[in-house]
Amino acid sequence: GQQLNQSPQSMFIQEGEDVSMNCTSSSIFNTWLWYKQEPGEGPVLLIALYKAGELTSNGRLTAQFGITRKDSFLNISASIPSDVGIYFCAGQKSNAGGTSYGKLTFGQGTILTVHP
Amino acid sequence: GAVVSQHPSRVICKSGTSVKIECRSLDFQATTMFWYRQFPKQSLMLMATSNEGSKATYEQGVEKDKFLINHASLTLSTLTVTSAHPEDSSFYICRVSGQYEQYFGPGTRLTVT
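As they're listed, the protein sequences go chains A and B. Heads up: the first sequence runs through residues 1 to 116, numbered per our numbering. Heads up: the second sequence runs through residues 1 to 113, numbered per our numbering.
Okay, chain A solo, but in the shape it has when bound (with noise of 0.2 Å):
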């Protein structure tokens, strides 16, 4: 099935450092979603973008809707050891700002390994 561009694949950083993933489409998307996934468990919603060029914060985690709708990236600030993990991003045709939410197309995911 049809997936998003995420990149990188991977990043080892050290801690205190700032970092950058971001995701392209070749089609557009109405709704964008962030979500880190750890080990053995399941994805958890990070940050959701629902308006093209709208750039939304969740404490040290910003993330933007591409202006053409068809990009999102997702910035990490000072890291921390606990911010190991997959992030992945997904894409929804569909418009969720107050309506049910429907299919998720996803990123390959960023695996991310923060060194204290």
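There may be inaccurate statements among the hints.
[As the list claims (entries may be wrong)] Restraint ranges, calculated between C-beta atoms of paired labels, are given here: (1) A:G40 with B:L26: 15 to 21 Å; (2) B:G53 with A:P116: 50 to 56 Å; (3) B:E63 with A:S20: 38 to 44 Å; (4) A:G53 with B:Q99: 22 to 28 Å; (5) A:K93 with B:D27: 40 to 46 Å.
Calculated from the structure, these hints are not laboratory results. We treat Cβ as the ideally placed atom computed from N, Cα and C, and that holds for glycine.
Following the hints, complete the assembly by docking chain B onto the known chain A.
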């Protein structure tokens, strides 16, 4: 507390047997439930989408007779892997969707020996 539960969290079965995985939404009514499969170090791949009281819609390449999905109520969906084979070993995750919210379950690790 957890909004979505899956049972069992881990299961080991012999080749040729069937395994049932439950997904329950605990605090809200899930109009739609999605089942995903995730192989090690890979992304989540959607298997099927089910709405309460109706037949599941399967993604291309997913055998509906092998992966039986039942969504009998707004709080429970089950995935049964029939005649399991070692290549069915994977991490199975449900996602539940209500009108204004959606959550993933904690996943079920299936190992077929």
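C-beta pair A:K93, B:D27: status relative to the range 40 to 46 Å that was hinted: At 27 Å between Cβs, range violated.
A:G40 versus B:L26 beta-carbon gap, inside 15 to 21 Å or not: holds, 20 Å
Holds or violated: 38 to 44 Å for the Cβ distance of B:E63 and A:S20? holds, 40 Å
Starting from the range 22 to 28 Å, see whether the pair A:G53 and B:Q99 falls in it by beta-carbon distance. holds, 26 Å
Is 50 to 56 Å right for how far apart the beta carbons of B:G53 and A:P116 are? Given a distance of about 51 Å, which is inside 50 to 56 Å, the answer is holds.
In summary, the structure is inconsistent with hint 5 from the numbered list given earlier, while agreeing with all the others.
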